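2 protein chains.
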Amino acid sequence: MAILGFLRDFPLHGYDLKNRVASLAGHVRPIADGTLYPTIKKLEDAQCLTRRTAPGSVAAPRHMLEITQTGTDQLRRWLRDPEPGFVTDDNKWYVLLAFLHHLENPREQALVLARRREFLDQPAQLFFDEQGAPIPPERLESPFRKGLMQIHRSTNLTEIDWLDRQVADLNRRAGFTVHQRDGS
Amino acid sequence: MAILGFLRDFPLHGYDLKNRVASLAGHVRPIADGTLYPTIKKLEDAQCLTRRTAPGSVAAPRHMLEITQTGTDQLRRWLRDPEPGFVTDDNKWYVLLAFLHHLENPREQALVLARRREFLDQPAQLFFDEQGAPIPPERLESPFRKGLMQIHRSTNLTEIDWLDRQVADLNRRAGFTVHQRDGS
DNA sequence: GTTTTCTACCTCGGAGTCGATATATCTTGT
DNA sequence: ACAAGATATATCGACTCCGAGGTAGAAAAC
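Each protein sequence line maps, in turn, to chains A and B.
All residue numbers for the first sequence refer to this note's numbering, where the first residue is 1 and numbers rise by one.
All residue numbers for the second sequence refer to this note's numbering, where the first residue is 1 and numbers rise by one.
Everything labelled a hint here was simulated from the structure, so no lab data went into it.
In this text, all values refer to a predicted model and were calculated from it rather than measured experimentally.
Take every hint as true, because none was put in to throw you off.
Because identical chains cannot be distinguished in the list, a pair is counted as satisfied if it fits within a single copy or across any two copies.
Here are the computed lysine to aspartate or glutamate pairs in the EDC-like style, where the Cα-Cα straight-line distance is at most 16 angstroms:
1) K92 / D81
2) K146 / D161
3) K41 / E66
Based on the provided sequences and hints, a complete structural model is requested.
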């Protein structure tokens with residue numbers, strides 16, 4: 001998703017992609033060559049991107065990669081109907097968010113944000129006693145577990161706040177669009 | 001790490017572990033049987049835990065798992081000197097945090113928190129233009145990317161604040177410990 | 001009395017990722 | 001002229017994890 005998402009902005013070569021994906025995914029965890037290049041080849045085989053060999057501006061020749069219509073469609077499908085992990089895994093969610101603007105339709109964007117919002121809404125019960133009964137934060141003995149739940153709660157509220165404002169904004173814009181369409 | 005960490009609290013059987021690990025790791029993403037049971041076997045082979053077959057209180061017979069001294073040592077090694085991913089990956093970091101109290105020595109605990117603090121300190125540069133120059137948040141066109149960086153910044157500050165207070169507290173306690181030891 | 005459901009454990013194949021290794025190109029230093 | 005180092009692409013083996021499937025016991029539903 002990150003590869004096609006970045007290529008949707010402008011054509012890039014593998015080495016450049018590597019750095020950009022590394023900065024984004026789980027912030028600045030370098031992505032391995034053994035992961036990147038086979039994935040590029042896979043996307044090429046699936047006709048999601050084309051490559052043109054260009055002389056290296058600095059060093060060895062580059063393979064300039066360009067997204068195709070098939071690739072754009074694929075990217076939009078991934079964004080519109082993300083796998084569960086992209087909603088529940090913070091790292092994956094942030095990758096999705098970084099490219100959600102490629103999904104153009106505000107209503108569809110709002111629906112994806114709503115899925116995240118729904119996930120964040122379920123109360124976190126992280127720790128249980130021997131009988132399997134949930135332990136409330138104030139009864140936790142470990143200060144680290146207490147902090148973990150505090151941070152979790154606080155960051156969730158921050159994101160929920162942003163999500164709500166964003167969804168409202170998107171629905172407003174979608175409403176305008178409908179109104180304009182109705183009026184024409 | 002999560003398996004040994006939970007067993008350090010009290011003995012559990014595999015099925016129970018499954019639910020507890022699922023609640024913790026990346027909050028409520030179920031862990032697959034195909035991951036759990038081979039890992040338990042691996043830990044058993046490494047003498048990190050022992051198993052006793054007990055009659056199932058509800059249904060099929062259970063394998064009650066207990067951590068050994070070797071297992072406790074292994075857990076403490078993982079906590080004391082975590083792999084890079086446990087500091088840079090949010091999900092893994094939260095798992096580590098959930099068991100950091102098993103590391104008993106406040107000074108060692110503080111050192112681990114300091115590693116996380118150091119990681120959070122480096123400024124996040126997530127997006128770059130065609131020339132490779134970083135794009136500041138206010139010049140981002142996508143509201144999602146803008147929000148992504150806002151949320152990232154805000155949640156980082158929340159965690160940094162907690163980390164600083166916690167490290168100070170731990171160092172204070174470590175100081176007391178040294179003083180008591182000196183005085184005795 | 002039979003099926004379904006929940007508990008509980010285990011294995012196999014496939015997919016994805018990494019780390020190590022190899023190769024080629026161009027620039028820079030000596 | 002040559003070596004060193006950054007750029008750039010690619011492959012291979014090892015490892016991890018998941019999902020699908022299988023076994024089995026006990027309780028609940030029909």
